[in-house]
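Given the sequences, and given the hints that come with them, work out the whole structure.
Chains as they are written, first to last, in UniProt numbering: chain A, 1 to 388; chain B, 1 to 388; chain C, 1 to 388; chain D, 1 to 388.
Just so you know, these hints were derived from the structure itself, not from any lab. All values derive from a computational prediction rather than experimental measurement. By construction, the Cβ of each residue, glycine as well, lies at the ideal position given by its N, Cα and C atoms. Accuracy of the hints is not assured; some may be wrong.
[What the hints assert, rightly or not] Chain C stretches covered by chain A per the calculated footprint, using a threshold of three residues with CB under 8 Å from any CB of chain A:
{"id": "1", "region": "149-163"}
{"id": "2", "region": "224-235"}
{"id": "3", "region": "288-297"}
{"id": "4", "region": "326-336"}
[As the list claims (entries may be wrong)] Sample of chain D residues lacking proximity to chain A, with all beta carbon distances greater than 12 Å (derived):
{"id": "5", "residue": "Lys121"}
{"id": "6", "residue": "Ser125"}
{"id": "7", "residue": "Gly152"}
{"id": "8", "residue": "Glu222"}
{"id": "9", "residue": "Asn244"}
{"id": "10", "residue": "Asp277"}
{"id": "11", "residue": "Ala372"}
{"id": "12", "residue": "Asp374"}
{"id": "13", "residue": "Trp377"}
{"id": "14", "residue": "Ile380"}
4 protein chains.
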Amino acid sequence: MLHRRLRLGMVGGGQGAFIGAVHRIAARLDDRFELVAGALSSDPQRAQASALEAGIERSYADWREMARAEAAREDGIDAVAIVTPNHLHAPVATAFLEAGIHVICDKPLAVSLAQGEALAKLARSRKRLFALTHTYSGYPLVRHARELVERGELGEIRVVQVEYAQDWLAEPIEASGANRQANWRTDPALAGPAGCLGDIGTHAYQLAAFVTGMMPRALSAELHTFVASRRIDDHVQAMLRYANGARGMLWASQVASGAENALRLRVYGTKAGLAFDQEQPNELWFTPLGGMAERLTRGRVKSAAAAHATRVPQGHPEGYLEAFAQLYKDAALQIGALNEGREPPPESRLLTTVDDGVDGLRFIEAVLASSAADGQWKEIAAGSGAGM
Amino acid sequence: MLHRRLRLGMVGGGQGAFIGAVHRIAARLDDRFELVAGALSSDPQRAQASALEAGIERSYADWREMARAEAAREDGIDAVAIVTPNHLHAPVATAFLEAGIHVICDKPLAVSLAQGEALAKLARSRKRLFALTHTYSGYPLVRHARELVERGELGEIRVVQVEYAQDWLAEPIEASGANRQANWRTDPALAGPAGCLGDIGTHAYQLAAFVTGMMPRALSAELHTFVASRRIDDHVQAMLRYANGARGMLWASQVASGAENALRLRVYGTKAGLAFDQEQPNELWFTPLGGMAERLTRGRVKSAAAAHATRVPQGHPEGYLEAFAQLYKDAALQIGALNEGREPPPESRLLTTVDDGVDGLRFIEAVLASSAADGQWKEIAAGSGAGM
Amino acid sequence: MLHRRLRLGMVGGGQGAFIGAVHRIAARLDDRFELVAGALSSDPQRAQASALEAGIERSYADWREMARAEAAREDGIDAVAIVTPNHLHAPVATAFLEAGIHVICDKPLAVSLAQGEALAKLARSRKRLFALTHTYSGYPLVRHARELVERGELGEIRVVQVEYAQDWLAEPIEASGANRQANWRTDPALAGPAGCLGDIGTHAYQLAAFVTGMMPRALSAELHTFVASRRIDDHVQAMLRYANGARGMLWASQVASGAENALRLRVYGTKAGLAFDQEQPNELWFTPLGGMAERLTRGRVKSAAAAHATRVPQGHPEGYLEAFAQLYKDAALQIGALNEGREPPPESRLLTTVDDGVDGLRFIEAVLASSAADGQWKEIAAGSGAGM
Amino acid sequence: MLHRRLRLGMVGGGQGAFIGAVHRIAARLDDRFELVAGALSSDPQRAQASALEAGIERSYADWREMARAEAAREDGIDAVAIVTPNHLHAPVATAFLEAGIHVICDKPLAVSLAQGEALAKLARSRKRLFALTHTYSGYPLVRHARELVERGELGEIRVVQVEYAQDWLAEPIEASGANRQANWRTDPALAGPAGCLGDIGTHAYQLAAFVTGMMPRALSAELHTFVASRRIDDHVQAMLRYANGARGMLWASQVASGAENALRLRVYGTKAGLAFDQEQPNELWFTPLGGMAERLTRGRVKSAAAAHATRVPQGHPEGYLEAFAQLYKDAALQIGALNEGREPPPESRLLTTVDDGVDGLRFIEAVLASSAADGQWKEIAAGSGAGM
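So this is what it looks like as structure tokens:
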């Protein structure tokens, strides 16, 4: 029997949003979900246009209605992906959980602890999945790092250093209103009381907790706002204490000039230390006490956790699949044009084709000939224009 | 109107194959293709089982029949992906092109130049797309590198250094017959006369040609076989001369102990040099004559070519999407279990859920409280067990 | 007229000490000092033996006597290098300053602020130099970093992140008494009340202050001792506030498993950020707001400060001089043996000699011949044994 | 008894030369040589001025006379360092060897194989040391790499990849006559028939031979000159064959835009591979077949060869000594000024002094106080101006 894909709905993520498109690709990649319904925007026209663009059959103008309607259908959605601004996470999730629909929600969970605890309780009582997309815990090497800690390869944890630096809010870009991301993320009414703290500090916290298996027991912290007109923190620094006596520091900043998305974790135990940088997700550094650093790679580490999250062989970095997908995307553009008798769109012109293949065979034949002649120089027949 | 996905078929890529699964994910990622038909194996039972597993509706036992049948259907495939061993590329592609179906073919194009030229001619006469999946040209930063060369930012090219090193064939692993990949890739009857040369040397050649826009005009080469029992080369070294006077070297080896998939290109012009390493696809190094290296990142470079191949913002490395997809995969596993009243499979246990979110909110509240109290240490309420 | 070298004395630094030998090499390297007197140990016999080994003419059993005697000599020392454990810095420096002798003192200055202030006052009143060897400020790229800040290339400083991690005290190695370094550095009577804080925390603090030109105005800190039996801190974490509103964090640890001597500084301003890692002293990273990282190298940066601290051209890393010195050292060992009719000591056998040169000329001649014959393979005459 | 330093003379290396100053520092660093005589230039006035500046007592206008005179003195030189352009290496070395004086000669040995063989024969018959300064073999990690090969940790060597890229001759800088280095290195009359080949190709060759213990048995090579007006090669590429069946490639270029001094070696054996980059001399990469890369550091590797070439502990990179020496240099400048009642020269102003030490103690006291008060924020007394 053919495997059945789960039916997925989406709330939020209309045109111009960032994370909605990411959720859609992520849902598709392993072929386990089919996106069939959505309330992609609170603006009905934008919702409809966004749904068409995303290939979604059933578009709703309102998420409350969507929850009701989908729960009532025989072929209603199995799960909903919530990709709205933070302040809607709790009400939307509540509506779908109450309708008996599983929830996959972007982080942070909610804008207050009370809201979050209510959601946890509701999900438990309704026996529905409530997945929270702390993306960075999906990396094979982050999972391997956690396994190394669990196995005791670091010994007792002593020191945790975690940080998350960006620079995109170094200037008051929310002032103009043009940047939708900046707007809602610096508006306490939409983002909640925690700015940089809720946006990325919570990722840093979660990564450290995920890998070490420990929450801090106490902390001393300072929030700061560097950009004068900003209504919310753009910088967090904290010192941490753990129940086992470990110490730690957490730093998150959105004004760190030059930083793109620098989430980094280091953990030191009595036997070894490890380091992970999410901008280099293909490597994990492991260094024994008094020893030398080993560069663990996703393809070569041995752990069930990493294997479960791995799709391509060693040396094919995370990202190889996107490169491959690019060729398919360009092929689709060219096939569409050919089918309709149009010129292929110029942005697809870098697709490698049969002509590149012929050039490659010319190269192979010349190598075979030169090698057979003890390295004599051999001409290569003029090609089709070198990969173009 | 909903966008129509192109209908895709596949030849080869049954259970145990590597590149077939990659093609399927790549076809799905940007939601432009729907895989509906396949002849995944020459063994009919394996073909059928593989098709079910891959969620393919129409499974054929024979690719000749598939070409005929699909061409005859109203809703037949638009394109076929060919992921067989090398020796079948040409006959399969020929059959589908003759049936009027677009072809997306894994590299190398064919096992001889004559075969390749015939394919190019056929595709041209039938006006069908013949895409060849030289994956590495799909990376945003490889495309950006090419654009830098085209724009003249390197000046006149003088030196090309390209290499592709692996170690997986350092020992006679084909001797046992257990490794399917090694078997056909070292068998001249299936792989053609070029071993390492055809398998990875051709990628190295193509990457250099793609970025520089130049084919070498002549070469001096040596093929070598290090593993005594092997019937095909496992090492290539060549010196290159270009029409404009540039010089170059190409090295490919499958016995380079420690190398995973080390495809690296360096190009030096009269004005600047650049370097790319496919194992670090998130960065491209650019160094002016007499100047200092700049680390170009996919999210921050400005070029239409890179933008067209980019899906996520700066600092979210190639690979971020796979991490995200992992959460969806784990969610699907848990939803499936919940729906059927089963225990969630253990390999999905690392999914982050509402409980992690509650922990995160505890952390946020403690930071807010400590910061409000000028950094006084604050306890964090005992959590759900730190991400577990 | 020949330049006159300054006459230098040394207190501390006898056999088995680490930093004394470093001071001696450093004093010699630029040929400005001649080491002529010393009280290298409080044990008279060890003092005498150490002085002979170090080629010091005048050995004293007591540093008080040394100060008196050298002050009285016509050809007495110009300056004294103090390389004792911390608790002696102040009394020794006082004695030499009072004798009118310049002081070059290892860090930390003293074991209390009061002691330090008294020394500063004394040096000022006696118009003697009191240099404190905060080594890391001697790196060309650290000086260049400071110049970048001074020039305003970072804009207004917002964030300072500095850390210094080691792992050599992760276990109670002082317990056995065998490790002289560990013994005094973990003994409050010799090291003062600050352990890790005084030993390396003070370097981290100083590096940040040196580069930014700013001292923190306030701090919140925690000292911790991880090794149960230890009498002094082995871990420091602190949050910093600066007068201009900047924020910062400082971390120093001697129990960070895997860390060798990881002193790292990052500074973020309104216009750009920079990063320096003393284990990679040949590079400094500079990244503009929203821009891409540039790898500044010692040989290519343009600044008077870096130029003044530079001895070798671009691409010859810090360390090139030691490699070169190694050949001289091996040559000295072999010349000594030849002069005395002994076999050269085996540890000098890696010296490259005329035979290596002949091999090199064989290589050159073969290249010239092959190139002249359009790349024909040429034999190389059998050599002397490849560099041995 | 005080250890006796060997007396050293120098031929070449006058004002404006690069390598002469390097030899002088190298000779001094380990305190085994004393530079007492020199013929630093063929221009008598420049010779005299250069000698005074270098602190050399006996200056000769002619190296032939120097050889005679020094051989005749009771306290004549033990060894001579030859740092002239290449064409003089052989005649100068011959004169000193015949005078019974040991020779330390810069590379390349000579301008022809015949010259070189004659020198080797002469040195042997006179029983004098003839050291050739192939600097890169003096690095501790290069020596360790060789030891790894000798110990068999790589297995049988299969592939050697060595390269040396620079960009300083990418343009015809010799045309103006202003760059002394460029002038003689591109003049066949002074440099010999091999340009880039003799200047840096020979270093690449030697490094590979030194580490592997193997000379290539045959080669196929191409010399090329990219800069039109140049009279000598500026680019070398070669393929290598070794007696044991190993293969290799060598590339050297002085027109590789962006390259500073990029000498890199990779060696692959049946069991493991290693990689060294002389611009990062503090690390050596070792990767077993099928395994993961280990970053070997100079301070942590265990080998007699590395230990013999090591002066500072782990984590103190090659270059730490130069940083330290910089403080001594600045101290000397300030002491000189104080002694003579002058203002200290501005370039010495970055010397860290007692005032920095007082600031550091203020920091320490604040940390101690804050930590004792459970992290309460503590003010730091206003300092002397943060390191200035």
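Checklist entry - Trp377 (chain D): least C-beta distance to chain A exceeds 12 Å? => result Check fails; 9 Å does not lie beyond 12 Å.
Checklist entry - Was Ala372 (chain D) rightly flagged as not at the interface, with every chain A Cβ beyond 12 Å? => result Correct as stated: the minimum Cβ-Cβ distance to chain A is 15 Å, above 12 Å.
Checklist entry - Would you say Ile380 (chain D) is clear of chain A, with no C-beta pair closer than or equal to 12 Å? => result Since the minimum Cβ distance to chain A is about 16 Å, Ile380 (chain D) lies beyond 12 Å and the statement holds.
Checklist entry - Would Lys121 (chain D) pass as off the interface with chain A, using Cβ distances and a cut of 12 Å? => result Lys121 (chain D) clear of chain A: closest Cβ-Cβ about 35 Å, beyond 12 Å.
Next on the checklist: Quick check: do three or more residues in the region 326-336 of chain C have a beta carbon closer than 8 Å to a beta carbon of chain A?
Outcome noted: violated (count 0)
Item to check | Status of the stated non-contact between Asn244 (chain D) and chain A (beta carbon gap over 12 Å) | outcome: 19 Å, holds
Checklist entry - Mind checking, does the region 224-235 of chain C have 3 or more residues with a CB under 8 Å from chain A? => result With 3 residues in contact (Cβ-Cβ under 8 Å with chain A), the coverage given for the region 224-235 of chain C holds.
Item to check | Verdict on Asp374 (chain D) as a residue remote from chain A, using beta-carbon distances over 12 Å | outcome: 9 Å, violated
Checklist entry - Taking the minimum C-beta separation from Asp277 (chain D) to chain A, is that value above 12 Å? => result 15 Å, holds
Item to check | Coverage of the region 149-163 of chain C by chain A (three or more Cβ within 8 Å) | outcome: holds (count 6)
Item to check | Whether chain A covers the region 288-297 of chain C (at least 3 residues having a Cβ closer than 8 Å to its Cβ atoms) | outcome: holds (count 5)
Checklist entry - Taking the minimum C-beta separation from Glu222 (chain D) to chain A, is that value above 12 Å? => result Violated: least Cβ distance 9 Å, not greater than 12 Å.
Hint violations for this structure: numbers 4, 8, 12 and 13, all remaining hints satisfied.
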